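Asker: Heads up: the protein sequence lines correspond to chains B and X, in order. Take 99 as the starting number for the first sequence in the working numbering and just add one per residue. Take 182 as the starting number for the second sequence in the working numbering and just add one per residue.
These aren't lab readings, by the way, just hints derived from the structure by calculation. From a predicted model like this one, the values you see are computed outputs, not experimental measurements. Careful, some of the hints might be misleading.
Quick look at which bits of chain X chain B covers, simulated, 3 or more residues with Cβ under 8 Å [as the list claims (entries may be wrong)]:
no., segment
1, 194-204
2, 246-260
3, 264-273
Here are the simulated SDA-like pairs of lysine to any residue, each with C-alpha atoms no more than 25 Å apart in a straight line [what the hints assert, rightly or not]:
no., chain 1, residue 1, chain 2, residue 2
4, X, Lys269, B, Leu152
5, X, Lys269, B, Phe147
6, B, Lys193, X, Ile266
7, B, Lys231, X, Leu229
8, B, Lys193, X, Lys206
9, X, Lys235, X, Asn247
10, X, Lys276, B, Glu192
11, X, Lys258, X, Lys277
12, B, Lys169, B, Lys218
13, B, Lys188, X, Ser273
14, B, Lys144, B, Phe170
15, B, Lys218, X, Glu214
16, X, Lys269, B, Glu150
17, B, Lys169, B, Thr211
18, X, Lys269, X, Thr222
19, X, Lys269, B, Thr118
20, X, Lys269, B, Asp184
21, B, Lys144, X, Ile246
22, B, Lys214, X, Ser192
23, X, Lys209, X, Asp227
24, X, Lys277, X, Ile223
25, X, Lys272, B, Asp226
26, X, Lys269, B, Ser151
27, B, Lys169, X, Thr222
28, B, Lys193, X, Ile262
29, B, Lys193, B, Glu150
30, X, Lys183, B, Asp225
31, X, Lys277, X, Asn247
32, X, Lys209, B, Val228
33, X, Lys183, X, Leu229
34, B, Lys231, X, Lys183
35, B, Lys103, B, Leu233
36, X, Lys272, B, Val228
37, B, Lys173, B, Ser151
Even for Gly, the Cβ is constructed at its ideal location relative to N, Cα and C.
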Amino acid sequence: MDLSKVIRSETIKLDMEAATREEAVEELTDLLLHVNAISNRENFLKDVFYRESLGTTGIGNGIAIPHGKSKFVNKTSLAIGRTKADIDWKSLDEKPVRFIILFAVTDEDKNSTHIKILAKVASNLGDDDVCAKLLKAKSPEEILAIFSDR
Amino acid sequence: MKIVGIAACTSGIAHTYIAKEKLTKAAKELGHEIHIETQGTIGTEDELTEIDIKNADIVIVAADINVGGKERFAGKKILNIPTNIAIKSPKSIIKKIQADLGL
Chain B
99 MDLSKVIRSE TIKLDMEAAT REEAVEELTD LLLHVNAISN RENFLKDVFY
149 RESLGTTGIG NGIAIPHGKS KFVNKTSLAI GRTKADIDWK SLDEKPVRFI
199 ILFAVTDEDK NSTHIKILAK VASNLGDDDV CAKLLKAKSP EEILAIFSDR
Chain X
182 MKIVGIAACT SGIAHTYIAK EKLTKAAKEL GHEIHIETQG TIGTEDELTE
232 IDIKNADIVI VAADINVGGK ERFAGKKILN IPTNIAIKSP KSIIKKIQAD
282 LGL
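Working from the sequences, and respecting the hints, build out all of it.
Answerer: Structure, rendered in structure tokens:
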């Protein structure tokens, strides 16, 4: 899987300061803003929190996948982060979250290659072993390798 | 037993594919055959074949939206669940089906 189309090492942060779900989404959104993957911080956040309001994105195993399909996304991208603190995400397994993957998807992405990569990332998260490895990874490179190996 | 199904979530980006993976892994670990079709933003993938459906003991529709092509399952036993349940407890779902069907 060629993750380089949707993620750069600048949008991976393994020492996030966030202590709440809101802060975590904001911290990752700032990474996307920094690489111009999104055009408007506040409006993109609104779209992500709208999705959060529909049902939890805490999929269990300490992982959450907030996502925004939004016209304020310039380029379909991922931001990945691990927090120093446990975060309450109302997860399916009721356990706290430490690892977050923010999916930013353009409103009308005609480039299905990008979405296919995102779908592939999501399938990998259905594997408990992958989740355990992500929680322990020591560098952005290691995280990219966990996905690329599959 | 033989399982077929569909996974589809609201935005068609993530939960669809996680649900598919979870159900597939759980079924295989429990020794069953399984084929899950995904209906996501990129359209339908891994489409079920007529033979798959004909031979299936159960159809699992793990979806948060209306799925397409339900008429293909006429006469089959169908279990409708939200994707969250498929992600949260795939093994118990499959074990329960097995117990209910007596297979």
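Asker: All hints are to be evaluated individually against the structure, with a verdict given for each.
Answerer: Verification of the supplied hints:
no., hint, verdict
1, 194-204, "holds (count 10)"
2, 246-260, "violated (count 0)"
3, 264-273, "holds (count 3)"
4, X:Lys269 / B:Leu152, "holds (17 Å)"
5, X:Lys269 / B:Phe147, "holds (22 Å)"
6, B:Lys193 / X:Ile266, "holds (16 Å)"
7, B:Lys231 / X:Leu229, "violated (32 Å)"
8, B:Lys193 / X:Lys206, "holds (22 Å)"
9, X:Lys235 / X:Asn247, "holds (22 Å)"
10, X:Lys276 / B:Glu192, "holds (22 Å)"
11, X:Lys258 / X:Lys277, "holds (14 Å)"
12, B:Lys169 / B:Lys218, "holds (23 Å)"
13, B:Lys188 / X:Ser273, "holds (21 Å)"
14, B:Lys144 / B:Phe170, "holds (10 Å)"
15, B:Lys218 / X:Glu214, "holds (22 Å)"
16, X:Lys269 / B:Glu150, "holds (17 Å)"
17, B:Lys169 / B:Thr211, "holds (18 Å)"
18, X:Lys269 / X:Thr222, "holds (22 Å)"
19, X:Lys269 / B:Thr118, "holds (22 Å)"
20, X:Lys269 / B:Asp184, "holds (20 Å)"
21, B:Lys144 / X:Ile246, "holds (22 Å)"
22, B:Lys214 / X:Ser192, "holds (14 Å)"
23, X:Lys209 / X:Asp227, "holds (17 Å)"
24, X:Lys277 / X:Ile223, "violated (32 Å)"
25, X:Lys272 / B:Asp226, "holds (13 Å)"
26, X:Lys269 / B:Ser151, "holds (19 Å)"
27, B:Lys169 / X:Thr222, "holds (15 Å)"
28, B:Lys193 / X:Ile262, "holds (22 Å)"
29, B:Lys193 / B:Glu150, "holds (17 Å)"
30, X:Lys183 / B:Asp225, "holds (22 Å)"
31, X:Lys277 / X:Asn247, "holds (24 Å)"
32, X:Lys209 / B:Val228, "holds (18 Å)"
33, X:Lys183 / X:Leu229, "holds (13 Å)"
34, B:Lys231 / X:Lys183, "violated (31 Å)"
35, B:Lys103 / B:Leu233, "holds (23 Å)"
36, X:Lys272 / B:Val228, "holds (18 Å)"
37, B:Lys173 / B:Ser151, "holds (24 Å)"
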